[in-house]
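Here are the chains, one letter per residue:
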Amino acid sequence: MNLQPTNTEELQAVILENKSLLLRGGGTKTALSTVANESMILDMGKINGIIEYEPSEYTFTAYAGTPLRTIVAALAEHGQYLPFDPLLVEKGATIGGTVAANTSGSGRWRYGGVRDFILGIRFVDGQGRSVRSGGKVVKNAAGFDLSKFFVGSIGRFGALVEMTFKVFPQPRHYMTLQMTYAILANAMQAIFALTTSPLETDAVDIETYRDEIVVLIRLGGLETALAGRVERLKNFLSQNSPVEAIEIIEDDLQLWQSVNHLEWASDYSSFIKVPIAPRQVEDLEMKLQLIQSKRRYSAAGNIAWLAINDDSQIAALLNDLQLVGLRILGPADSPFIGQLKGRDMLQRMKQVLDPHNIFGDI
Amino acid sequence: MTAQQFFSRLKKIFPEKQILTQDVQLLPYESDALTAFKTKPRAVVLPETEQEVIDAVRLCYEMDVPFVARGSGTSLSGGSLPIKDGLVIALNRLNKIVKLDPQQRIAVVQPGVVNLHITHAAQVHGLYYAPDPSSQLICTIGGNIAFNSGGAHCLKYGMTSNHVLGIRAVLADGTVAEFGSESLDGVGVGADLVGLFVGSEGLFGIALEIIVRLLPKPEKYRTVLAAYDNLGKAGDAVGQVVASGLLPSAMEIMDNLAIQAAEASVNAGYPQDAQGLLIVELEGESEQVESEFEHLEQVIRASGAHEIRVAQSDEERTLIWKGRKGAFSAVGRISPDYVVQDGVVPRSYLGEALTEISRLSKAYDLRVANVFHAGDGNLHPLILYDGKQSGALEKAEALAGEILQLCISLGGSITGEHGVGMEKRDYMGAMFSEVDLEVMQEIRRAFDPKEIANRGKMFPSGEAPALKLHGMHPLEKKGVISRE
Numbered sequence: 000m001n002l003q004p005t006n007t008e009e010l011q012a013v014i015l016e017n018k019s020l021l022l023r024g025g026g027t028k029t030a031l032s033t034v035a036n037e038s039m040i041l042d043m044g045k046i047n048g049i050i051e052y053e054p055s056e057y058t059f060t061a062y063a064g065t066p067l068r069t070i071v072a073a074l075a076e077h078g079q080y081l082p083f084d085p086l087l088v089e090k091g092a093t094i095g096g097t098v099a100a101n102t103s104g105s106g107r108w109r110y111g112g113v114r115d116f117i118l119g120i121r122f123v124d125g126q127g128r129s130v131r132s133g134g135k136v137v138k139n140a141a142g143f144d145l146s147k148f149f150v151g152s153i154g155r156f157g158a159l160v161e162m163t164f165k166v167f168p169q170p171r172h173y174m175t176l177q178m179t180y181a182i183l184a185n186a187m188q189a190i191f192a193l194t195t196s197p198l199e200t201d202a203v204d205i206e207t208y209r210d211e212i213v214v215l216i217r218l219g220g221l222e223t224a225l226a227g228r229v230e231r232l233k234n235f236l237s238q239n240s241p242v243e244a245i246e247i248i249e250d251d252l253q254l255w256q257s258v259n260h261l262e263w264a265s266d267y268s269s270f271i272k273v274p275i276a277p278r279q280v281e282d283l284e285m286k287l288q289l290i291q292s293k294r295r296y297s298a299a300g301n302i303a304w305l306a307i308n309d310d311s312q313i314a315a316l317l318n319d320l321q322l323v324g325l326r327i328l329g330p331a332d333s334p335f336i337g338q339l340k341g342r343d344m345l346q347r348m349k350q351v352l353d354p355h356n357i358f359g360d361i
Numbered sequence: 000m001t002a003q004q005f006f007s008r009l010k011k012i013f014p015e016k017q018i019l020t021q022d023v024q025l026l027p028y029e030s031d032a033l034t035a036f037k038t039k040p041r042a043v044v045l046p047e048t049e050q051e052v053i054d055a056v057r058l059c060y061e062m063d064v065p066f067v068a069r070g071s072g073t074s075l076s077g078g079s080l081p082i083k084d085g086l087v088i089a090l091n092r093l094n095k096i097v098k099l100d101p102q103q104r105i106a107v108v109q110p111g112v113v114n115l116h117i118t119h120a121a122q123v124h125g126l127y128y129a130p131d132p133s134s135q136l137i138c139t140i141g142g143n144i145a146f147n148s149g150g151a152h153c154l155k156y157g158m159t160s161n162h163v164l165g166i167r168a169v170l171a172d173g174t175v176a177e178f179g180s181e182s183l184d185g186v187g188v189g190a191d192l193v194g195l196f197v198g199s200e201g202l203f204g205i206a207l208e209i210i211v212r213l214l215p216k217p218e219k220y221r222t223v224l225a226a227y228d229n230l231g232k233a234g235d236a237v238g239q240v241v242a243s244g245l246l247p248s249a250m251e252i253m254d255n256l257a258i259q260a261a262e263a264s265v266n267a268g269y270p271q272d273a274q275g276l277l278i279v280e281l282e283g284e285s286e287q288v289e290s291e292f293e294h295l296e297q298v299i300r301a302s303g304a305h306e307i308r309v310a311q312s313d314e315e316r317t318l319i320w321k322g323r324k325g326a327f328s329a330v331g332r333i334s335p336d337y338v339v340q341d342g343v344v345p346r347s348y349l350g351e352a353l354t355e356i357s358r359l360s361k362a363y364d365l366r367v368a369n370v371f372h373a374g375d376g377n378l379h380p381l382i383l384y385d386g387k388q389s390g391a392l393e394k395a396e397a398l399a400g401e402i403l404q405l406c407i408s409l410g411g412s413i414t415g416e417h418g419v420g421m422e423k424r425d426y427m428g429a430m431f432s433e434v435d436l437e438v439m440q441e442i443r444r445a446f447d448p449k450e451i452a453n454r455g456k457m458f459p460s461g462e463a464p465a466l467k468l469h470g471m472h473p474l475e476k477k478g479v480i481s482r483e
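These protein sequence lines map, in sequence, to chains C and Z.
Those letters in the first sequence? Residues 0 to 361, by numbering that gives the first Met the number 0.
Those letters in the second sequence? Residues 0 to 483, by numbering that gives the first Met the number 0.
Heads up, some of the hints might be wrong.
Claimed, not checked - For lysine to any residue, the following SDA-like pairs were computed, each having C-alpha atoms within a straight-line distance of at most 20 Å:
{"no.": "1", "chain 1": "Z", "residue 1": "K98", "chain 2": "C", "residue 2": "R278"}
{"no.": "2", "chain 1": "Z", "residue 1": "K216", "chain 2": "C", "residue 2": "F191"}
{"no.": "3", "chain 1": "C", "residue 1": "K340", "chain 2": "Z", "residue 2": "E177"}
{"no.": "4", "chain 1": "Z", "residue 1": "K216", "chain 2": "C", "residue 2": "I247"}
{"no.": "5", "chain 1": "C", "residue 1": "K165", "chain 2": "Z", "residue 2": "A445"}
{"no.": "6", "chain 1": "Z", "residue 1": "K219", "chain 2": "C", "residue 2": "R278"}
{"no.": "7", "chain 1": "Z", "residue 1": "K98", "chain 2": "C", "residue 2": "T195"}
{"no.": "8", "chain 1": "C", "residue 1": "K165", "chain 2": "Z", "residue 2": "K219"}
{"no.": "9", "chain 1": "Z", "residue 1": "K155", "chain 2": "C", "residue 2": "R231"}
{"no.": "10", "chain 1": "Z", "residue 1": "K155", "chain 2": "C", "residue 2": "K18"}
{"no.": "11", "chain 1": "Z", "residue 1": "K219", "chain 2": "C", "residue 2": "P54"}
{"no.": "12", "chain 1": "Z", "residue 1": "K155", "chain 2": "C", "residue 2": "D343"}
{"no.": "13", "chain 1": "C", "residue 1": "K165", "chain 2": "Z", "residue 2": "L245"}
{"no.": "14", "chain 1": "C", "residue 1": "K18", "chain 2": "C", "residue 2": "I361"}
{"no.": "15", "chain 1": "Z", "residue 1": "K219", "chain 2": "C", "residue 2": "D343"}
{"no.": "16", "chain 1": "C", "residue 1": "K340", "chain 2": "Z", "residue 2": "A445"}
{"no.": "17", "chain 1": "Z", "residue 1": "K155", "chain 2": "C", "residue 2": "S196"}
{"no.": "18", "chain 1": "Z", "residue 1": "K155", "chain 2": "C", "residue 2": "Y110"}
{"no.": "19", "chain 1": "C", "residue 1": "K340", "chain 2": "Z", "residue 2": "G173"}
{"no.": "20", "chain 1": "C", "residue 1": "K165", "chain 2": "Z", "residue 2": "L409"}
{"no.": "21", "chain 1": "C", "residue 1": "K165", "chain 2": "Z", "residue 2": "Q50"}
{"no.": "22", "chain 1": "Z", "residue 1": "K219", "chain 2": "C", "residue 2": "T195"}
{"no.": "23", "chain 1": "Z", "residue 1": "K216", "chain 2": "C", "residue 2": "E199"}
{"no.": "24", "chain 1": "Z", "residue 1": "K219", "chain 2": "C", "residue 2": "E53"}
{"no.": "25", "chain 1": "Z", "residue 1": "K155", "chain 2": "C", "residue 2": "L198"}
{"no.": "26", "chain 1": "Z", "residue 1": "K449", "chain 2": "C", "residue 2": "G227"}
{"no.": "27", "chain 1": "C", "residue 1": "K340", "chain 2": "Z", "residue 2": "E208"}
{"no.": "28", "chain 1": "Z", "residue 1": "K216", "chain 2": "C", "residue 2": "D343"}
{"no.": "29", "chain 1": "Z", "residue 1": "K155", "chain 2": "C", "residue 2": "Q169"}
{"no.": "30", "chain 1": "Z", "residue 1": "K155", "chain 2": "C", "residue 2": "F191"}
{"no.": "31", "chain 1": "Z", "residue 1": "K155", "chain 2": "C", "residue 2": "F167"}
{"no.": "32", "chain 1": "Z", "residue 1": "K219", "chain 2": "C", "residue 2": "I361"}
{"no.": "33", "chain 1": "Z", "residue 1": "K219", "chain 2": "C", "residue 2": "L221"}
{"no.": "34", "chain 1": "Z", "residue 1": "K216", "chain 2": "C", "residue 2": "Y110"}
{"no.": "35", "chain 1": "Z", "residue 1": "K216", "chain 2": "C", "residue 2": "P197"}
{"no.": "36", "chain 1": "Z", "residue 1": "K95", "chain 2": "Z", "residue 2": "Q50"}
I should point out that these hints are in silico values taken from the structure, not numbers from a laboratory.
Using the sequences and the accompanying hints, generate a full structural model.
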């Protein structure tokens, strides 16, 4: 049975009455929202809705259970968007679940991830206290920044109730350049040339699961300048890397939507996010080639996404590279795989916010 | 524990020349940029290695001696004011750029590295470090991290916190912790400890090594000056630029008093008759910037500016920013003393806030100069007074307090980038509930059970002196602290 509070008071009561709870938003990230033990599901879906949206301020406040698609639609009416490009929008993911799992998508390359846009939160901690941090204005340095702390906390420290974000004007037009390379090293050469140039790009993804290595580069901006910028980027990359083929995709909306829905990974049962440094891409890819899986690298090689069926060997592999992964889809046991940093500090925060361990182990 | 025991242990950690104890040596450390307060520390140490910092913190923890980490002492909120009989750990000698990787666009730096020095090291690769507090010529990254410093160019790419990817720190109890990584997305797995640490005002411990991200230097800038015949119009123009869908990298406003002061000191070429001057800067790829610039010109023309100037060269742009960044010290030339606040209001209330500040200025009969980060609603009213007149400081502080209350009542914040420090801690209760503050205190004690790290800052209690709205602080009466 799921517990479904409809307001803060009910949420506080539920937290005080139960010994073990697992927080769930839209339930799209199965590895994080399915119970593996005797916990009850604390479903935040009924605490939803946009509380405040002032288009001229470029900020909004919404309840945790608000579906991303509701927010995306409201922003789009005013030409605005969530620049961190949260995953699984059309699948029913919520804003609270996005913050908890820290699932920024490919578009985070341009202006930053969830942490770079969250301004304030209110949450109920494991002792039933309703706590506010941050504020509703785009700049605020008062008090500890718990809003950022909660990003990626997978519901282990408290139940997010509401949160405020800043947003940006959405580029009016987009185009994507598809570059094909014979080997990954050539693709990385292109990416390193790009990152040290003043050319501005919205998304840089590498797909290694096709016959050749495909690099997808998205550009957004004013229509009057876009075609010229794409042409310039094309020439720049041709000169700075041994490219096999180049294609310009003018109508790229569907392409990036399918990436957002993880369609490329749909034939695998587990899906894991691994933040990496761009220099580790080749090393990781070499090791992963030995395991039946598909890989995609976003944000110019700063995030590895793994689609895999049997992830039992991944922990040892990530440990070797001193990396940590977060399982988003798949079995619900131990979401962190590999080396989680700062565990001692996380435990101290746990003692403050959830001393009776109602929300589960880190 | 006696002072003698403490010093004999300190001498085992540091060579004698790295320990300062003479009055004349301590004098420069007695206050920071909030010069209204002074406190004499027991000693200042000048560590040259990470291990010395760790050992000093461990000694303080063992012997219950409060400490304050200090960079260049540029805090405007009293963030690095020493604690009486405490230790100052001055980090300026830990000033190495450990690693610079242009392809990954990161730098690994020690806390004493000066903000602008990162950009100096990165610019040969076409990169720069984005956060640009006005004190960037001297302020250090360690201090920027403690106070999540901002700057004029935070509108597009955020404050210090948005540019830090990883930290190694010694916590107040002597534990060394490491979090984040060289990945752009490496924080926020298991919770974002970097986000928690940045802006914690030195209450958790001391950052020992920091991974910062670098950005490619924009190919093109377009810097526009727009002059208005009243300040409210300039404020409203900010809302219009934001609403137009443009994303400038900076939007600043100066009022006439600030313009006069800046002109007198820098000769930046500002229109001197303007009651409100708006500076807007676009940056990015040439073609994109040129297209945006056309839009911007239309918006600015429609906003009622009576004069528009565009920087025609890099030199002109540099001069515009030199005038803006030097405005605080320039105001020092037209008034013997001033207090500055950095409250924030929602951007659409800028015009209203400015009108109210001008009314308050008249009501208090005190001049107020406004120089601020308008694009993100971050006010910087400089309240001018003459400290030699009895009651003048108190009056200036009362006015400052009313401005902060105004910010809160409009739904804003008491500080956008200077931090709470010692100066604004009595206003925390106006922004946060008792429960919010209690949770923050518990978090602080989780990392600093003895409350020895920067004791007396941020929270509305503790030993360090608080700037009260009226009258003398009890510690002032006892002669423990003093104001200039």
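Hint check:
At most 20 Å may separate the alpha-carbon atoms for a hinted pair to count; K98 of chain Z and R278 of chain C meet this at roughly 14 Å. As the CA atoms of K216 of chain Z and F191 of chain C are separated by approximately 15 Å, the hinted pair is consistent with the 20 Å bound. Simply put, K340 of chain C and E177 of chain Z have alpha-carbon atoms about 7 Å apart, close enough for the 20 Å limit, and the pair holds. For the proposed pair K216 of chain Z and I247 of chain C, the alpha carbon gap of about 26 Å is over 20 Å, so the pair is violated.
A hinted pair counts as satisfied when its Cα atoms are at most 20 Å apart, and K165 of chain C with A445 of chain Z does not qualify at roughly 30 Å. Proximity of K219 of chain Z to R278 of chain C is assessed by CA-CA distance (about 29 Å); at most 20 Å being required, the pair is judged violated. Restraint check: the Cα-Cα separation between K98 of chain Z and T195 of chain C comes to about 16 Å, which is no more than 20 Å; the hinted pair holds. Of the supplied pair hints, the one linking K165 of chain C and K219 of chain Z is violated, its CA atoms being roughly 26 Å apart against a limit of 20 Å.
With a C-alpha separation of about 24 Å, the suggested pairing of K155 of chain Z with R231 of chain C is violated against the 20 Å cut-off. Proximity of K155 of chain Z to K18 of chain C is assessed by CA-CA distance (about 44 Å); at most 20 Å being required, the pair is judged violated. With a C-alpha separation of about 29 Å, the suggested pairing of K219 of chain Z with P54 of chain C is violated against the 20 Å cut-off. Of the pairs offered as hints, the one joining K155 of chain Z and D343 of chain C is violated, with about 34 Å between alpha carbons and a cut-off of 20 Å exceeded.
Of the supplied pair hints, the one linking K165 of chain C and L245 of chain Z holds, its CA atoms being roughly 15 Å apart against a limit of 20 Å. Among the hinted pairs, K18 of chain C with I361 of chain C is consistent with the structure: their alpha-carbon atoms are about 16 Å apart, no more than 20 Å. Proposed proximity of K219 of chain Z and D343 of chain C is contradicted: the alpha carbons are some 45 Å apart, above 20 Å. This hinted pair checks out: K340 of chain C and A445 of chain Z have alpha carbons roughly 18 Å apart, not beyond 20 Å.
For the proposed pair K155 of chain Z and S196 of chain C, the alpha carbon gap of about 19 Å is at most 20 Å, so the pair holds. A distance of roughly 8 Å separates the Cα atoms of K155 of chain Z and Y110 of chain C; the hinted pair therefore holds under the 20 Å criterion. Distance restraint check for K340 of chain C and G173 of chain Z: the Cα-Cα separation of roughly 18 Å lies within the 20 Å cut-off, and the hinted pair is therefore satisfied. In summary, the hint linking K165 of chain C to L409 of chain Z is supported, as the alpha carbons are separated by about 17 Å, within the 20 Å threshold.
With a C-alpha separation of about 40 Å, the suggested pairing of K165 of chain C with Q50 of chain Z is violated against the 20 Å cut-off. Distance hint between K219 of chain Z and T195 of chain C is fulfilled; the C-alpha atoms sit about 16 Å from each other, no more than 20 Å. Between K216 of chain Z and E199 of chain C the alpha-carbon distance is near 11 Å, which keeps this suggested pair within the 20 Å criterion. At roughly 31 Å between alpha-carbon atoms, K219 of chain Z and E53 of chain C are farther apart than 20 Å, so this suggested pair is violated.
Distance hint between K155 of chain Z and L198 of chain C is fulfilled; the C-alpha atoms sit about 16 Å from each other, no more than 20 Å. With a CA separation close to 61 Å, the supplied pair K449 of chain Z and G227 of chain C exceeds the 20 Å bound. Straight-line distance between C-alpha atoms of K340 of chain C and E208 of chain Z comes to about 15 Å, which keeps the hinted pair within the 20 Å bound. For the proposed pair K216 of chain Z and D343 of chain C, the alpha carbon gap of about 38 Å is over 20 Å, so the pair is violated.
Taking the CA atoms of K155 of chain Z and Q169 of chain C, the gap is near 13 Å; set against the 20 Å cutoff, the hint holds. Of the supplied pair hints, the one linking K155 of chain Z and F191 of chain C is violated, its CA atoms being roughly 23 Å apart against a limit of 20 Å. At roughly 9 Å between alpha-carbon atoms, K155 of chain Z and F167 of chain C fall within 20 Å of each other, so this suggested pair holds. Only pairs whose Cα atoms come within 20 Å are accepted, and K219 of chain Z paired with I361 of chain C is rejected, the gap being roughly 46 Å.
Restraint check for K219 of chain Z and L221 of chain C: satisfied, since their Cα atoms lie roughly 16 Å apart, inside the 20 Å limit. Proximity of K216 of chain Z to Y110 of chain C is assessed by CA-CA distance (about 15 Å); at most 20 Å being required, the pair is judged to hold. In summary, the hint linking K216 of chain Z to P197 of chain C is supported, as the alpha carbons are separated by about 6 Å, within the 20 Å threshold. Our distance criterion of 20 Å between C-alpha atoms is met by K95 of chain Z and Q50 of chain Z, whose separation comes to about 15 Å.
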